[in-house]
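Protein chains: 2
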Amino acid sequence: MYEERIKRSGMQGLITSAANAASFIKDGMVVASSGFTKAGDSKAVLKAFAALATTSPRKITLLTGASLGHGTDGTLTEAGAVHKRMPFQVDPVLRHAINEGSVLFLDQHLGESAELINENIIRPDVAIIEALLIEEDGSIVPTTSVGNTATFAAKAEKIIVEINVSVPLSLYGVHDIFSTGVWPDRKIIPITAAGTRIGTSAIPVDPEKIIAIVITETIDSPAAINERDDKTRSIAGHLLQFFEHEVKKGRLTNQLRPLQSGIGKVANAVLEGFIDGDFEHLTMYSEVLQDSTFNLIDAGKMDFASASSITVSQPCYTRLMTNFERYKPHIVLRPQDISNAAEVIRRLGVISINTAIEFDIYGNVNSTHIGGTKMMNGIGGSNDFARNAYLSVFVTQASSKNGAISHVVPMASHIDNSEHDVDIVVTDFGLADLRGLAPRERAKTIISNCADPLYKDLLKDYFLAASRKGGHTPHLLEEALSWHARMDITGSMQKETNSFA
Amino acid sequence: MYEERIKRSGMQGLITSAANAASFIKDGMVVASSGFTKAGDSKAVLKAFAALATTSPRKITLLTGASLGHGTDGTLTEAGAVHKRMPFQVDPVLRHAINEGSVLFLDQHLGESAELINENIIRPDVAIIEALLIEEDGSIVPTTSVGNTATFAAKAEKIIVEINVSVPLSLYGVHDIFSTGVWPDRKIIPITAAGTRIGTSAIPVDPEKIIAIVITETIDSPAAINERDDKTRSIAGHLLQFFEHEVKKGRLTNQLRPLQSGIGKVANAVLEGFIDGDFEHLTMYSEVLQDSTFNLIDAGKMDFASASSITVSQPCYTRLMTNFERYKPHIVLRPQDISNAAEVIRRLGVISINTAIEFDIYGNVNSTHIGGTKMMNGIGGSNDFARNAYLSVFVTQASSKNGAISHVVPMASHIDNSEHDVDIVVTDFGLADLRGLAPRERAKTIISNCADPLYKDLLKDYFLAASRKGGHTPHLLEEALSWHARMDITGSMQKETNSFA
Ligand SMILES: CC(C)(COP(=O)(O)OP(=O)(O)OC[C@H]1O[C@@H](n2cnc3c(N)ncnc32)[C@H](O)[C@@H]1OP(=O)(O)O)[C@@H](O)C(=O)NCCC(=O)NCCS
Ligand SMILES: CC(C)(COP(=O)(O)OP(=O)(O)OC[C@H]1O[C@@H](n2cnc3c(N)ncnc32)[C@H](O)[C@@H]1OP(=O)(O)O)[C@@H](O)C(=O)NCCC(=O)NCCS
Numbered sequence: 340m341y342e343e344r345i346k347r348s349g350m351q352g353l354i355t356s357a358a359n360a361a362s363f364i365k366d367g368m369v370v371a372s373s374g375f376t377k378a379g380d381s382k383a384v385l386k387a388f389a390a391l392a393t394t395s396p397r398k399i400t401l402l403t404g405a406s407l408g409h410g411t412d413g414t415l416t417e418a419g420a421v422h423k424r425m426p427f428q429v430d431p432v433l434r435h436a437i438n439e440g441s442v443l444f445l446d447q448h449l450g451e452s453a454e455l456i457n458e459n460i461i462r463p464d465v466a467i468i469e470a471l472l473i474e475e476d477g478s479i480v481p482t483t484s485v486g487n488t489a490t491f492a493a494k495a496e497k498i499i500v501e502i503n504v505s506v507p508l509s510l511y512g513v514h515d516i517f518s519t520g521v522w523p524d525r526k527i528i529p530i531t532a533a534g535t536r537i538g539t540s541a542i543p544v545d546p547e548k549i550i551a552i553v554i555t556e557t558i559d560s561p562a563a564i565n566e567r568d569d570k571t572r573s574i575a576g577h578l579l580q581f582f583e584h585e586v587k588k589g590r591l592t593n594q595l596r597p598l599q600s601g602i603g604k605v606a607n608a609v610l611e612g613f614i615d616g617d618f619e620h621l622t623m624y625s626e627v628l629q630d631s632t633f634n635l636i637d638a639g640k641m642d643f644a645s646a647s648s649i650t651v652s653q654p655c656y657t658r659l660m661t662n663f664e665r666y667k668p669h670i671v672l673r674p675q676d677i678s679n680a681a682e683v684i685r686r687l688g689v690i691s692i693n694t695a696i697e698f699d700i701y702g703n704v705n706s707t708h709i710g711g712t713k714m715m716n717g718i719g720g721s722n723d724f725a726r727n728a729y730l731s732v733f734v735t736q737a738s739s740k741n742g743a744i745s746h747v748v749p750m751a752s753h754i755d756n757s758e759h760d761v762d763i764v765v766t767d768f769g770l771a772d773l774r775g776l777a778p779r780e781r782a783k784t785i786i787s788n789c790a791d792p793l794y795k796d797l798l799k800d801y802f803l804a805a806s807r808k809g810g811h812t813p814h815l816l817e818e819a820l821s822w823h824a825r826m827d828i829t830g831s832m833q834k835e836t837n838s839f840a
Numbered sequence: 340m341y342e343e344r345i346k347r348s349g350m351q352g353l354i355t356s357a358a359n360a361a362s363f364i365k366d367g368m369v370v371a372s373s374g375f376t377k378a379g380d381s382k383a384v385l386k387a388f389a390a391l392a393t394t395s396p397r398k399i400t401l402l403t404g405a406s407l408g409h410g411t412d413g414t415l416t417e418a419g420a421v422h423k424r425m426p427f428q429v430d431p432v433l434r435h436a437i438n439e440g441s442v443l444f445l446d447q448h449l450g451e452s453a454e455l456i457n458e459n460i461i462r463p464d465v466a467i468i469e470a471l472l473i474e475e476d477g478s479i480v481p482t483t484s485v486g487n488t489a490t491f492a493a494k495a496e497k498i499i500v501e502i503n504v505s506v507p508l509s510l511y512g513v514h515d516i517f518s519t520g521v522w523p524d525r526k527i528i529p530i531t532a533a534g535t536r537i538g539t540s541a542i543p544v545d546p547e548k549i550i551a552i553v554i555t556e557t558i559d560s561p562a563a564i565n566e567r568d569d570k571t572r573s574i575a576g577h578l579l580q581f582f583e584h585e586v587k588k589g590r591l592t593n594q595l596r597p598l599q600s601g602i603g604k605v606a607n608a609v610l611e612g613f614i615d616g617d618f619e620h621l622t623m624y625s626e627v628l629q630d631s632t633f634n635l636i637d638a639g640k641m642d643f644a645s646a647s648s649i650t651v652s653q654p655c656y657t658r659l660m661t662n663f664e665r666y667k668p669h670i671v672l673r674p675q676d677i678s679n680a681a682e683v684i685r686r687l688g689v690i691s692i693n694t695a696i697e698f699d700i701y702g703n704v705n706s707t708h709i710g711g712t713k714m715m716n717g718i719g720g721s722n723d724f725a726r727n728a729y730l731s732v733f734v735t736q737a738s739s740k741n742g743a744i745s746h747v748v749p750m751a752s753h754i755d756n757s758e759h760d761v762d763i764v765v766t767d768f769g770l771a772d773l774r775g776l777a778p779r780e781r782a783k784t785i786i787s788n789c790a791d792p793l794y795k796d797l798l799k800d801y802f803l804a805a806s807r808k809g810g811h812t813p814h815l816l817e818e819a820l821s822w823h824a825r826m827d828i829t830g831s832m833q834k835e836t837n838s839f840a
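These protein sequence lines map, in sequence, to chains L and Y. For the first sequence, this note's numbering gives the first residue as 340, with consecutive numbering after it. For the second sequence, this note's numbering gives the first residue as 340, with consecutive numbering after it.
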């Protein structure tokens, strides 16, 4: 059985139940699991471990590529099974535990999250890897994501493989596994275009480390289908108009440059916008491939897309999996330290588009913390891209919750992407091109182009009063965070309901 | 005359006075000048321009590699000759003008400051380049720095050369000029060790663009001699002890990894500390070479040092210039987009050591703004290195001005290097290794290891109260910046003198 999927002879004897495999995971262990933006994650063993922890308490430190699907983080959290979690998550139950302090969370740049392991600061005891198949030599072909799996496989003491038989074998060949190695023999990453292939189709593995194989057939959690609404349509419109302007100015061609786009409805709306526009021969050098990528490939607008995972809606997933050979020549899946590598992003001149929780009048971006304290998801790859992009774009709605929240604030309550790394900010009201502008110039442009009119005068008043006080980046320290404090107390940033400061 | 220095035939006719050359610079122009950390800067033409501006007003946008020496920025500012300045400065007169808003300043990552020019966002009208000599083909050999000069030479409409006859011809060959080119043909930077040479000894120049040559003989402004005091000695001691610990743990060898060190007394003290230690075959991949580098070469402890400039004290300068052949095999000067390249810094696994103005209990670093508003110098290369380093270290004294200022604060008043990019923080009281720690763990470690005992209880109280309120990164928004506000009003962060909040 499973000869097509377990090619190494003798290894079929390792097939066991998820519960059995999970029992190899002991209290206090560091467990590293495949999974990136809900794709290619552990479907069985982590949940089985949660079940064991419910009856007999045990806790792990859990490392992944990025977020897990199927509510696995929530199930583990409810079972009290997580001591520390890194480098990213999107689960409401886990988020709550992180914010109350009962689970420790390490919010890391996704492109650097393999470093602590490569450099032996953290050593995984067990890796759990979802696989398409195991080769004769024991090497593992992953499924819909690569993430940190190659690092986990190299560094973990033991490996549990989840063979997912629902994933078609036609995925074989889409992966491009490459390791830079470690100092002093760290290699150049010789990628010079989104489509450059530099590695192998499987992750090298010492077969002796594989201790259990579990068969699964659950598909990835689907991404939500993001309907375009008026706001996302406006944001996308401003950005597409800006690209057209740059083409007219001769700074870009209508091929643009390799695109990166964060997950979410705005990013999707921007990409969908390319379907009707004059842009062609587009490429992506990104983290995640979403529905819009495949729609652009189908429309003949996108030539090639590179990423670390495929995270799509249910209908798109079906379309893809039943027809993978059609898409395979146009896409590649890489380890996240390659998809998010500073080196490649700068070399290719990526245009990065990510969503901000809020930005301030000087262009500092908060990607992670609501009100400066509560973790939303994590910095993800936003700064991997923004820091080295040719053009670093951040988008957000100008205001939300019926105007109670302004996403353009005097001072960002937490800073993940500093003013130094932000070129363009966009809201549904407009776009501000910050390139070449000093802080006082930036403030004027951001307030007049991007703020919701509800908050424009408040922002202007703040900026003028701060400017009278002076400084390269004028601020009134007593007021800088008062909007957030007000929001915390009254549920709105608007002054009418002021009860703080 | 000057046949040795002006090898291109016919070009000697371009020799003229500084005043004459400066008259080519018109009101409103963008002027790009050589100069990096006070080395290899324009000694004559910019000052002559300032003199012209005094009698007949004119203003320029001034771009450099990094800081200029000889008070040139101050002279230009006093003459009202600067509209906008980028990417870095250290001049008290200019700093004052920036902070009162009369000169606009663009504080940029030094490693990325050539990007706006390469991508035609800003176009220099005139470049002023200090040169050792001009080759037969018109290409220019720079002096004690390379900085952004290769980009300026390629992109400026016209070039004015300052031949500095005080710089010995023995410098010839120390430079390694390499351009990555621009998208879509951007090249890999094939550096795999501090000492890899990849380029040419001179900067390619279209000789038609050279409109004037000025002869100078002023040497670079000397760096201050930094005497080690008790505090810098303590900080250096903690860091050296940490390196020894890492060697014992097997994570480093006694060769360490290529070192980067910011300018200043602490960095110098750390490097000097290596002279007596067990470390050997050290290398540097840094921005600036300081006295300590040459002392380590002389002591046989350092094999090779790569940077973009040489900025040393007067005695060290003399020693170097009279004996350059001795040092030349051990050093190389590169363009700042190569010395500070993300790609190379990550590949080589650099250990970066920079000074912070302050850091907060979660490890966010302020490198630039006093009290969140007043520009000190600029971010410089700190984040180029910290963002991609193997180990990113920030040092500062725990407190200063007789305890009036704590450099460990609840929330950094400005953030240049975020928690994501900071591995180790050190003060004279101790070192905190933040690798693998979640925010709440970091706060405990930083407060107990790094804070001045004067402020320890205040920080603990803040952290405990904030933790009770909750959040992944606990903060009390109303108090987070109150220390700085208090400092602003009372001249001290200590609570006894509280008159704010
Ligand atoms: C920033 C990010 C959270 C935005 O995601 P999104 O789905 O567009 O989020 P929204 O703006 O719709 O919603 C964020 C929530 O926070 C709330 N919020 C935002 N600012 C707030 C504030 N100051 N106070 C209170 N709530 C706030 C919003 O109202 C919204 O709440 P809701 O879910 O109850 O409606 C998300 O893009 C992210 O996690 N980014 C970081 C990672 C990253 O950029 N990766 C890039 C590569 S994938
Ligand atoms: C951060 C930096 C300014 C520190 O330089 P330094 O010479 O060690 O500075 P010090 O800590 O001695 O002094 C900074 C001044 O700010 C003052 N200061 C610091 N924090 C303050 C605060 N919160 N409120 C008021 N004053 C403050 C200090 O008291 C000191 O004042 P003084 O000059 O009147 O004594 C400097 O390293 C820098 O510019 N770094 C950014 C660039 C960089 O890192 N480059 C790296 C590659 S070279």
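What the hints contain is simulated information worked out from the structure, not anything from laboratory work. Any given hint might turn out to be false.
Any copy will do: because identical chains look the same in the list, a pair fits if it lies in one copy or spans two.
Restricting the straight-line Cα-Cα distance to at most 27 Å, the calculated cross-link-like pairs of lysine-lysine (DSSO-like) are [stated by the list, open to error]:
hint, residue 1, residue 2
1, Lys365, Lys740
2, Lys588, Lys423
3, Lys808, Lys834
4, Lys588, Lys365
5, Lys783, Lys548
6, Lys548, Lys588
So, going through the hints one by one against the coordinates:
no. : hint               : verdict
1   : Lys365 with Lys740 : neither (45 Å within a copy, 52 Å between copies)
2   : Lys588 with Lys423 : between (49 Å within a copy, 23 Å between copies)
3   : Lys808 with Lys834 : both (22 Å within a copy, 24 Å between copies)
4   : Lys588 with Lys365 : between (61 Å within a copy, 25 Å between copies)
5   : Lys783 with Lys548 : neither (59 Å within a copy, 37 Å between copies)
6   : Lys548 with Lys588 : between (57 Å within a copy, 25 Å between copies)
Checked against the numbered hints above, the structure breaks hints 1, 5 and satisfies the rest.
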